[in-house]
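Residue numbers (the working numbering), protein chains in the order written: chain A, -15 to 569; chain B, 102 to 315.
Everything labelled a hint here was simulated from the structure, so no lab data went into it. Using N, Cα and C, we set each Cβ at its ideal position, and we do this for glycine too. Misleading hints may appear alongside valid ones.
Said to hold, decoys possible - To give an idea of the chain B side of the interface with chain A (calculated C-beta under 10 Å), a few residues: (1) LEU117; (2) GLU125; (3) ASP213; (4) ASP219; (5) GLY241.
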Amino acid sequence: MRTRWILLLAAVGVVLGVFGYRVLVDRGQQPPEEAAAHIGVAWTFLAAGLIAWGRRPQSRVGALLAAAGFALLVRRFQYSESSALFTAAFALGELSNAFIAHAVLAYPTGRLQSRLEGIFVRAGYLLVLAFPLATLLVYDPRRSCLFYCAFGGPPHSLLLVHPSNGVFDLLRDSYRLGVFGVLGVVFVALIAWKFVNASPPRRRTLAPLAVAGAAAGMRALIEAAITFTTYSEDTRQILFWSQVTAQIAIPIALLAGLLRARLARGDVAHLLLELERTPPAQVRDALSRALGDPSLEVAFWVPERAGYVDAAGQPVALPQDDAGRAITRLEQGAERVAALVHDPALLDEPELIGAVGAAARLALDNARLQAELRAQLVAVRESRARIVAAGDSERRRIEQDLHDGAQQRLVALALELRTAQRRLGGSLDRDLESILDSTVEQLQRAVEELRELAHGVHPPVLTQGGLAAALDDLARRIPIPVRVLAAPQERLAPELEATAYFVVCEALANVVKHAQASAATVSAARANGSLVVEIADDGVGGADLSRGSGLRGLYDRVEARGGRLRVVSPPGGGTRIVGELPCAS
Amino acid sequence: MRVVVAEDSVLLREGLVRLLQEAEFEVVAQVGNADELRAVVRRDKPDIAIVDIRMPPTHTDEGAQAAARIREQDREVGILLLSQVIELRHALKLFSETPERFGYLLKDRVLDIDDFIDAVRRVARGGTAIDPEVVAELLGRRKEQGPLGELTPREREVLSLMAEGRSNHGICAKLFLSPKTVETHVASIFMKLGLRQAPDDHRRVLAVLAYLNS
């Protein structure tokens, strides 16, 4: 259906062009090559418009270009002998300028971007209709000369009300100044403004407008030259041909821009090949390059979470629709694969982003599986850290309960017995006195035992004095000489202090049990955002991470906090255990 | 003597208060947390505050922190810290500079009532009370070689009691020795360690602690 319309309009255009050419040449109004150039410009607009309309029906730019083409063709009939044709062509011919400006500003979607552009375009339409109509009201061919008056009997204006040469001249000059001067400059400024405000991908789309801006600027200059200076025939020739060239460039540039997504299919094929060699982690970068959008983000769909994650497996939320970002969701059958979060400008080229998405789907699905795996890893790591942290805080709680509950109670009880014993003074018999004494003594021993038990569960020194104090204390409790070479004097996060302490504690327990060492050293120091804990002994060595649950437990503890554990233990060469624990700030 | 007791366990606090009252101390206030402690000390100006190191809300070292503030603001108030555990480094930090009017004891020392009352009096009068465990650790840290190794077992005992902050009189009572014998031991210890005799008790404590901690 659309194709038929396009063919029909093209045929009408050809006929109009041929007649237009005849009108120009047969009456000797213009030299044949210039007449042909005029018709050529009009046909270029028409052809570009119709092609664009056919290929990009959702954009009104094609229709506007075609309308400009028709207006340019119609304008040629100003030179007709027929007064009716003259009047109609004169009244409507200038519309071409407004159509062109409208098409350029509305590129690429066919919709104007701002209120200012809307006002500008409406003003344009109004002026290019109003001025010629006003001119027709006063134009008298016997007194004024419109075009090439030397070539004989000019037609009349059918709208003539009152001939006036003064008004005619005024209208003509203010039209040239107003439309080609002032509006021309505003037009160039609007285009420049579009560029300034555009995001990188948008700027790429807008490139053809630079051509239009340059052409309009040139047009304004030429009109100014015609209005304010006299010029030779040679100069006129140069101006004429450069104007023709500039005009032809406009529809070609716009059409090329509109069809670029189609031309970019080559890029898409290239992308497809490139993606085969791209590791999943870099899929985003390849897509970003292909789409010319550095802000592109890729979010992968993870069905278990019913949500999106980034390439590192961290959950991400897609932006809201109004956040100045656009989202294109990619699906494989009915299953979601990924979402591209990109510059809304890319929506101007739905086919490009569709094609790129299709090409990337396989690679993205791969990347998605990796991201999903990472997400699971992140979840497992988090839960492991939580379990260890929960264990530590449980130990702290048990210690606190023992300390603030049982221990206090026993001391209070013993104190009560002592007070009673004192109050009774010498009135007690010896047996009872010694029973009370031994009861208090046993209570005291129970308090001591509880204290040791609590210490083993979670040393209060660690809570009260921090890691340095706890390591000193620990070193004294070990039956072989242990030197603490370094320890951070400042307080660290409680979980970090606990992990470091228990690592040293378990490592030293291992030294005592297995190493047959005569001495050991301990150090803990912060370096490059890590707390590095090192335990070394001069024992028999040969410790192996895969054997014995002691080292295994250490390894799990350190790993759970996202750290690393190294064991260097050559047979006969002592053992050195180095744990690196990430610490904030 | 006027006493303030800060201890969050009600049972223990009441036991302590009864004990002190029976020893004819005037207990002017008893509180359960560090903020209240500072308030009543400001208000009542006691001779001594007996303070549990661990109190609400975090049960870490609120008592010690409050005590440090009180010491900054009012040197006249004696502080006796009670703790379920003795921690050497913490102890040294607390009194290595100004041992006067200061004490740091394990909580269960209260069960040896006479000793405890003696420690409270000592601190309230400007003296020092350091837990035997702290002294034992300090002594234990030193190598046996050197001057300490030359002390007789009796002299070591006397040295420990000096380090705890006891006066000659207190040492006599504790070891059942005559004042003369104690003085002889003290003189001998100071000679062997190469220290000068200190003119009063807390300078003596300071000298002994400095020696042990060097």
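What hints, given by number in increasing order, does this structure fail? Violated hints: 2, 4; rest satisfied.
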